[in-house]
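Full structure from sequences and hints, please.
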Amino acid sequence: EGIKESTKESRRDLERLPQQDISYIEYCLERSIKHNKILEVQLNNLDQLGRVKESIWGNFRGFMDLDVLLIGDQYIDYADIRHIKIHDFRKWSEVESETLPSPFEKDGYKDMKIEEQAKLEDAFNEYFEDDLWIE
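Under the numbering used here, the sequence shown is numbered contiguously, ending at residue 176.
Errors might be hidden in some of the hints.
Straight-line distance between alpha carbons at most 30 Å, and here's what the computed DSBU-like set of lysine-lysine pairs gives [to be verified]: (1) LYS75 <-> LYS126; (2) LYS126 <-> LYS160; (3) LYS75 <-> LYS94; (4) LYS78 <-> LYS126; (5) LYS94 <-> LYS78.
Don't read these hints as lab results, they were simulated from the structure.
Have a look at this one:
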């Protein structure tokens with residue numbers, strides 16, 4: 042069996058995923074700890090033969106030091122994170138709930154014209170400043 046495992050290990054060729062932005066990595070870590078999501082983390086480290094190491098799977102459990110975090114049962118240096126992915130596991134019968142909005146998607150309010158913003162502001166002011174209370 043040792044020969045089979047070593048052959049399997051020598052044939053392993055994982056894709057080196059692109060380096061992600063720190064803000065996206067922080068977003069994934071925050072979402073994992075708040076919503077108990079499973080993360081798959083690829084590190085910048087290579088093995089002895091210069092190949093990409095296996096990804097680390099687990100929940101983000103918090104920081105152990107200023108730049109050392111705990112994912113699953115493994116301690117990882119924050120600067121070593123290359124690529125991070127959130128896995129959203131559900132039962133096959135569970136209806137897909139509304140996903141959380143991504144802070145990296147386009148904001149719909151940025152394209153709003155000044156006239157539309159003024160109309161909205163007037164409507165809000167009229168609603169909140171009418172001094173009519175329903176009892």
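key: Satisfaction of hint between LYS78 and LYS94, Cα-Cα up to 30 Å   = Roughly 22 Å separates the two Cα atoms, so the pair holds.
ask   = Under the criterion that the straight-line Cα-Cα distance not exceed 30 Å, is the pair LYS75, LYS94 satisfied?
value = Holds: LYS75 and LYS94 sit about 27 Å apart, inside 30 Å.
ask   = If you draw a straight line from the CA of LYS126 to the CA of LYS160, is it 30 Å or shorter?
value = violated (41 Å)
key: Hint consistency between LYS78 and LYS126 [alpha-carbon to alpha-carbon, up to 30 Å]   = holds (10 Å)
message = Can you confirm whether the C-alpha distance between LYS75 and LYS126 stays at or below 30 Å?
response = holds (15 Å)
When each numbered hint is compared with the structure, a violation occurs for hint 2 only.
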